[in-house]
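Visitor: Spelled out, the chains give:
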Amino acid sequence: MIKQEICKVVSNRQIADNIFELVLSGGISAEMGQPGQFVHVKTGGGFDPLLRRPISIASINEGTFTILFRWQGRGTALLAEKIPGMSVDVLGPLGNGFPVLETKPGETAILVGGGVGVPPMYELAKQLVKNGVKVISVIGFQSAKDIFYEQELGEFGEVYVATVDGSYGQKGFVTAILNDLEADIIYACGPTPMLRAIENGNYAAKTYLSLEERMGCGIGACFACVCHTKADPKGFSYKKVCSDGPVFKAGEVVI
Amino acid sequence: MIKQEICKVVSNRQIADNIFELVLSGGISAEMGQPGQFVHVKTGGGFDPLLRRPISIASINEGTFTILFRWQGRGTALLAEKIPGMSVDVLGPLGNGFPVLETKPGETAILVGGGVGVPPMYELAKQLVKNGVKVISVIGFQSAKDIFYEQELGEFGEVYVATVDGSYGQKGFVTAILNDLEADIIYACGPTPMLRAIENGNYAAKTYLSLEERMGCGIGACFACVCHTKADPKGFSYKKVCSDGPVFKAGEVVI
Amino acid sequence: MSALSIELPGLKLKNPVMPASGCFGFGREFSQFYDLSLLGAIMIKATTPEPRFGNPTPRVAETPGGMLNAIGLQNPGLKKVFNEELPWLDQFNVPIIANIAGSTENDYVTVAEQLSKAPNVSALELNISCPNVKTGGIAFGTDPEMAKGLTKKVKEVSEVPVYVKLSPNVTDIVSIAKAVENGGADGLTMINTLLGMRLDLATGQPILANKTGGLSGPSVKPVAIRMIYEVSQQVSIPIIGMGGIQSAEDVVEFFLAGASATAVGTQNFVDPFICPKIIQELPEVLAKLGVDHISELTGRSWKKNERLAYYRP
Amino acid sequence: MSALSIELPGLKLKNPVMPASGCFGFGREFSQFYDLSLLGAIMIKATTPEPRFGNPTPRVAETPGGMLNAIGLQNPGLKKVFNEELPWLDQFNVPIIANIAGSTENDYVTVAEQLSKAPNVSALELNISCPNVKTGGIAFGTDPEMAKGLTKKVKEVSEVPVYVKLSPNVTDIVSIAKAVENGGADGLTMINTLLGMRLDLATGQPILANKTGGLSGPSVKPVAIRMIYEVSQQVSIPIIGMGGIQSAEDVVEFFLAGASATAVGTQNFVDPFICPKIIQELPEVLAKLGVDHISELTGRSWKKNERLAYYRP
Ligand SMILES: Cc1cc2nc3c(=O)[nH]c(=O)nc-3n(C[C@H](O)[C@H](O)[C@H](O)COP(=O)(O)OP(=O)(O)OC[C@H]3O[C@@H](n4cnc5c(N)ncnc54)[C@H](O)[C@@H]3O)c2cc1C
Ligand SMILES: Cc1cc2nc3c(=O)[nH]c(=O)nc-3n(C[C@H](O)[C@H](O)[C@H](O)COP(=O)(O)OP(=O)(O)OC[C@H]3O[C@@H](n4cnc5c(N)ncnc54)[C@H](O)[C@@H]3O)c2cc1C
Ligand SMILES: Cc1cc2nc3c(=O)[nH]c(=O)nc-3n(C[C@H](O)[C@H](O)[C@H](O)COP(=O)(O)O)c2cc1C
Ligand SMILES: Cc1cc2nc3c(=O)[nH]c(=O)nc-3n(C[C@H](O)[C@H](O)[C@H](O)COP(=O)(O)O)c2cc1C
Ligand code: FES
Ligand code: FES
Numbered sequence: 357m358i359k360q361e362i363c364k365v366v367s368n369r370q371i372a373d374n375i376f377e378l379v380l381s382g383g384i385s386a387e388m389g390q391p392g393q394f395v396h397v398k399t400g401g402g403f404d405p406l407l408r409r410p411i412s413i414a415s416i417n418e419g420t421f422t423i424l425f426r427w428q429g430r431g432t433a434l435l436a437e438k439i440p441g442m443s444v445d446v447l448g449p450l451g452n453g454f455p456v457l458e459t460k461p462g463e464t465a466i467l468v469g470g471g472v473g474v475p476p477m478y479e480l481a482k483q484l485v486k487n488g489v490k491v492i493s494v495i496g497f498q499s500a501k502d503i504f505y506e507q508e509l510g511e512f513g514e515v516y517v518a519t520v521d522g523s524y525g526q527k528g529f530v531t532a533i534l535n536d537l538e539a540d541i542i543y544a545c546g547p548t549p550m551l552r553a554i555e556n557g558n559y560a561a562k563t564y565l566s567l568e569e570r571m572g573c574g575i576g577a578c579f580a581c582v583c584h585t586k587a588d589p590k591g592f593s594y595k596k597v598c599s600d601g602p603v604f605k606a607g608e609v610v611i
Numbered sequence: 357m358i359k360q361e362i363c364k365v366v367s368n369r370q371i372a373d374n375i376f377e378l379v380l381s382g383g384i385s386a387e388m389g390q391p392g393q394f395v396h397v398k399t400g401g402g403f404d405p406l407l408r409r410p411i412s413i414a415s416i417n418e419g420t421f422t423i424l425f426r427w428q429g430r431g432t433a434l435l436a437e438k439i440p441g442m443s444v445d446v447l448g449p450l451g452n453g454f455p456v457l458e459t460k461p462g463e464t465a466i467l468v469g470g471g472v473g474v475p476p477m478y479e480l481a482k483q484l485v486k487n488g489v490k491v492i493s494v495i496g497f498q499s500a501k502d503i504f505y506e507q508e509l510g511e512f513g514e515v516y517v518a519t520v521d522g523s524y525g526q527k528g529f530v531t532a533i534l535n536d537l538e539a540d541i542i543y544a545c546g547p548t549p550m551l552r553a554i555e556n557g558n559y560a561a562k563t564y565l566s567l568e569e570r571m572g573c574g575i576g577a578c579f580a581c582v583c584h585t586k587a588d589p590k591g592f593s594y595k596k597v598c599s600d601g602p603v604f605k606a607g608e609v610v611i
Numbered sequence: 347m348s349a350l351s352i353e354l355p356g357l358k359l360k361n362p363v364m365p366a367s368g369c370f371g372f373g374r375e376f377s378q379f380y381d382l383s384l385l386g387a388i389m390i391k392a393t394t395p396e397p398r399f400g401n402p403t404p405r406v407a408e409t410p411g412g413m414l415n416a417i418g419l420q421n422p423g424l425k426k427v428f429n430e431e432l433p434w435l436d437q438f439n440v441p442i443i444a445n446i447a448g449s450t451e452n453d454y455v456t457v458a459e460q461l462s463k464a465p466n467v468s469a470l471e472l473n474i475s476c477p478n479v480k481t482g483g484i485a486f487g488t489d490p491e492m493a494k495g496l497t498k499k500v501k502e503v504s505e506v507p508v509y510v511k512l513s514p515n516v517t518d519i520v521s522i523a524k525a526v527e528n529g530g531a532d533g534l535t536m537i538n539t540l541l542g543m544r545l546d547l548a549t550g551q552p553i554l555a556n557k558t559g560g561l562s563g564p565s566v567k568p569v570a571i572r573m574i575y576e577v578s579q580q581v582s583i584p585i586i587g588m589g590g591i592q593s594a595e596d597v598v599e600f601f602l603a604g605a606s607a608t609a610v611g612t613q614n615f616v617d618p619f620i621c622p623k624i625i626q627e628l629p630e631v632l633a634k635l636g637v638d639h640i641s642e643l644t645g646r647s648w649k650k651n652e653r654l655a656y657y658r659p
Numbered sequence: 347m348s349a350l351s352i353e354l355p356g357l358k359l360k361n362p363v364m365p366a367s368g369c370f371g372f373g374r375e376f377s378q379f380y381d382l383s384l385l386g387a388i389m390i391k392a393t394t395p396e397p398r399f400g401n402p403t404p405r406v407a408e409t410p411g412g413m414l415n416a417i418g419l420q421n422p423g424l425k426k427v428f429n430e431e432l433p434w435l436d437q438f439n440v441p442i443i444a445n446i447a448g449s450t451e452n453d454y455v456t457v458a459e460q461l462s463k464a465p466n467v468s469a470l471e472l473n474i475s476c477p478n479v480k481t482g483g484i485a486f487g488t489d490p491e492m493a494k495g496l497t498k499k500v501k502e503v504s505e506v507p508v509y510v511k512l513s514p515n516v517t518d519i520v521s522i523a524k525a526v527e528n529g530g531a532d533g534l535t536m537i538n539t540l541l542g543m544r545l546d547l548a549t550g551q552p553i554l555a556n557k558t559g560g561l562s563g564p565s566v567k568p569v570a571i572r573m574i575y576e577v578s579q580q581v582s583i584p585i586i587g588m589g590g591i592q593s594a595e596d597v598v599e600f601f602l603a604g605a606s607a608t609a610v611g612t613q614n615f616v617d618p619f620i621c622p623k624i625i626q627e628l629p630e631v632l633a634k635l636g637v638d639h640i641s642e643l644t645g646r647s648w649k650k651n652e653r654l655a656y657y658r659p
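Residue numbers (the working numbering), protein chains in the order written: chain A, 357 to 611; chain B, 357 to 611; chain C, 347 to 659; chain D, 347 to 659.
Only chain A is shown next, with the shape it has when bound in the complex (with noise of 0.2 Å):
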């Protein structure tokens, strides 16, 4: 069930350039199940700034969860200031997260993460590997000093690392990688043009997708966040990034 819930700033650290790792504390984790929903923040006290923040969760855990963010505006740059004890308004768990149950235990699973869409990849590695999946890991950045979860995503099986920079791993981007893997399935989540890219590239059989969107009310009122389905794209059925997403199979809609 969604909840709104202050939590509590458990830890808050910064793992590379500009990015952080903020665990939380609250009842609400308890809500926690998918690899791939989202959670959405208010990151100030009054109007400033007004709207919640959708990030992902990272991992969850025992009345306990994580996101990873990257500071970037008003929003995360008050996220990263917040010191333990602190308390932080989560609402969530929000949207259709990715469908663990559609790897059989034996299969092999890509995880695609590019930039800030490697954190949902922590948990659904996590779940996956506890499934008996085989995870293989492929995370692109712009550059070395980007680079975070490389060990994270390793607890859980092998990791590739692309830099656009070419200053850590394979120079260029994920889809480098991808023409050297096999696998049953892929899940991504990333910059759009990468989603595109594994969508067209037709690297595995099955391919979800996390989609990312300019957000007001995260629980799909205010239709902010709708796209054309790939079935009908110049007409008017839609599908909510925020409640019918943010994970689509690819295919879907239209990105």
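What the hints contain is simulated information worked out from the structure, not anything from laboratory work.
Don't take every hint at face value.
[As the list claims (entries may be wrong)] If you want the footprint, here are the derived chain C segments under chain A, 3+ residues with CB under 8 Å:
no., region
1, 372-381
2, 392-400
3, 411-417
4, 607-618
[Unchecked claim] If we take Cβ atoms under 8 Å as the criterion, some of the chain A residues that face chain C in the derived model are:
no., residue
5, Phe403
6, Pro405
7, Leu407
8, Arg408
9, Leu567
10, Glu569
11, Cys578
12, Tyr594
13, Lys595
Glycine included, each C-beta is placed from N, C-alpha and C at the ideal position.
Chains B, C and D with the ligands: place on chain A using the hints.
Guide: What follows is chains B, C and D with the ligands alone, placed relative to chain A:
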């Protein structure tokens, strides 16, 4: 000189119902001298709230200064939440305070404070006593629970307290007490009706009043805080409470 | 609770707080959070004769103390609203105000005629102020004669009272208000969004795909209060006030300005529980103000110079 | 510094940042904080033929992300401005834009004729948009024909270029802009304040003695950006943009929308050092955007679809 400085919170404690005593440290304290001047405080980091808040300087010390404020709206609520180590953006000292040297050694001064008009009286009393002036403080509040700085002012001379509801000290307004006292000079700060009553009461040969007005800039540039002069009550001449005041000689401006 | 009950043309409200159109969909999402029958009423999303997809995304952008939206009247169309959304809402026993929109007078008339027949639609809200569509919408709301003409046509076919939603993007809001009153409007709702825009420094382009959008949220509250203050003194039909309401105190401010009921828009996105919270807090705020019934506050800022009892938050 | 230099009718500015009229007095107070010659220009407080006291207090009220003011054009009058304030400002070697106001056309003409003769006045700013005075002011700014007529009259007597300051409180800002361009305006400044109001719950009455006031600050920025975006595409005279500017990024946003220079108002009250701070930060922001000269940004949001270099704050 007026400075803008990010001061550090040394301490912050509640001293009466909704009344807080905030001690700040910063080089700016070296610029402060005259009691009755004020600082213009940015209470939050962004634009919530947007404007600074004028607060009287209550006491000036080596490297620190003290302000006392009533939790009223958004700005003072944020100030009330400050804890040691946090920072506060302060502009000041602003305005012209009470003329300490108007009172000769050996003379008697009555210091009248109403509610959050009490704070500047502390530094004023301190300086007057240092100059060999006899100080009597007359302070008024709504109710017993609102009283603060009775003891602190007691360090410098007699203190009389009035409460509107009679729950402590003299029932009624400060003027009831003033009727029974004599002095060479009166210095007063408090709500406008109190200042008017003191002006009209002619309780001493010389009277100085500290005015309150909604402010924009606090430095004399926006014309938010002007008042007419008594010499030309309907004309074009004016005084700015922020930069010509907040302290005026009784009879100088229309209150 | 009777300190909060309000009667307006077509509307018996247990309290004067309702979600604003477009900020609450058709209620389904919020019904996860609380019992919708707590609400004074529900203003449902704008309905057009045919389904609309609306504008491309991004459709929202944050601004200082507010947000821009350019949804573009996405809605499932008259048929689906009538056959599915309204019957679903029937379970809550709460008056529905149906927001109607279109590109032509005919569009409005079609939707009005049909929706006013729905058993749980207590009033219509004529949206002549949507800034986010190419044709219709705001055009009707910026010209007094067009606004009056449209109001008349809709009144002719509507079986329930008609409230007209005014646009703040005008030089003279009073003349528009008077025109629609003359056209037969039973009430006004105001304000819709202010036309605004934000540019993205990363690209140099507008953030919204539609380029401009409608500004809502706390930042517009002073404009809403000013317009309601002006209009309420010049018309004799009631006003449902909105624009930046975040608290019970804000509701009181709208009443003092001249509103007879209020709607909450953007804040539903920030705090999904905001409407029931405000409803719960109102009696205490009224008590502090020393008024027995909230309707005593309507227009108090201009009706008499009698000051309120001293109020401390 | 040459990446910031700008030439506009009558104005050679070393940078495009100036304090907005009414938010900087005649500069005396801010000269305590920094050397005024750092500024691109100074827009001095509105001047009327005779001294004015302005409105009763309270004259300001805070709003979410903004403030209301109803100063009411308090100023020492033409004579004193000409004989005392302008000569005092001469020491700073910074172009002065004199904001002129009045109740009648004659008032404007009188002030324009005289102030345009002052040696350090480089341009006039015709304030036809002050919302806080009973006569004149905004009335001239909401009617295209009146605006045009007044512009013409002032142009006839002015010895320096004339910029007309537009009011955002209109249905169609483009028609006003075109009218004053036709009237001979050399440039536009926009926006003046939005008409707004706040009520005090403690009394039930407006906080401002004048009841309504002009809304400024960050909350109005999206409205300013939208209007400059619209107007700059329809006129061929330059625009000095203002409304909620708080940072070098905001200045860039105004340029992208279509401004050729910018003014900072309310933020001077929050941070007296804001103008020199922005001037200092601008070169770095331009470098991040990959532009050599700030004027390349004017109208970039609509001029070409060429995206800017990727920008990270
Ligand atoms: C489903 C979902 C999951 C996400 N998960 C993560 C995550 O795990 N870690 C992470 O760092 N980021 C994540 N993002 C992106 C994150 O929401 C934005 O970086 C964040 O909102 C920026 O806020 P800001 O105040 O710092 O930036 P600002 O640019 O000041 O934000 C201004 C407005 O734009 C919106 N906005 C800006 N960038 C984005 C964006 N990329 N996507 C959506 N809205 C945006 C903000 O929400 C806000 O409303 C996710 C986005 C979505 C939609
Ligand atoms: C020269 C001067 C000295 C002052 N000294 C003190 C002091 O030492 N201690 C203290 O508690 N208070 C003092 N005040 C009053 C204090 O400024 C207000 O209580 C405070 O600004 C309220 O801010 P807020 O955000 O809590 O309230 P809000 O009501 O949310 O404030 C909204 C706006 O109204 C203004 N405002 C509200 N009340 C007042 C007021 N009484 N006077 C001026 N502006 C007001 C605020 O500055 C702000 O701009 C002083 C005022 C002046 C003018
Ligand atoms: C996302 C969004 C969608 C809206 N859709 C509509 C709509 O369909 N019809 C309408 O009349 N008003 C619509 N509005 C305007 C609101 O009903 C309301 O008038 C406005 O937002 C001001 O109130 P607020 O500041 O509380 O949001 C919409 C507003 C928002 C933010
Ligand atoms: C206190 C105050 C006084 C103002 N006085 C004038 C004035 O005399 N003449 C004028 O043209 N504009 C005046 N303005 C409007 C500003 O110049 C500016 O157009 C407006 O405030 C928007 O900019 P901002 O949001 O940066 O403040 C005044 C604004 C404020 C806040
Ligand atoms: S964000 Fe509101 S519907 Fe998706
Ligand atoms: S507050 Fe600006 S002049 Fe006094």
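Visitor: A separate judgement is required for each hint: does it hold in the structure or not?
Guide: Going through the hints against the structure:
1. 372-381: This one holds; 5 residues, not fewer than the three required, reach chain A with a Cβ under 8 Å.
2. 392-400: holds (count 4)
3. 411-417: holds (count 5)
4. 607-618: With 6 residues in contact (Cβ-Cβ under 8 Å with chain A), the coverage given for the region 607-618 of chain C holds.
5. Phe403: holds, 5 Å
6. Pro405: holds, 6 Å
7. Leu407: A/Leu407 check passes; min Cβ-Cβ to chain C is 5 Å, inside 8 Å.
8. Arg408: The hint holds - A/Arg408 has a Cβ within 8 Å of chain C, the shortest such distance being about 6 Å.
9. Leu567: violated, 10 Å
10. Glu569: Where the cut-off is 8 Å and the nearest Cβ of chain C is about 6 Å from A/Glu569, the hint holds.
11. Cys578: holds, 6 Å
12. Tyr594: Constraint on A/Tyr594 satisfied, holds at 6 Å.
13. Lys595: This hint is violated: A/Lys595 lies away from chain C, its Cβ roughly 12 Å from the closest one there, beyond 8 Å.
In summary, the structure is inconsistent with hints 9, 13 from the numbered list given earlier, while agreeing with the others.
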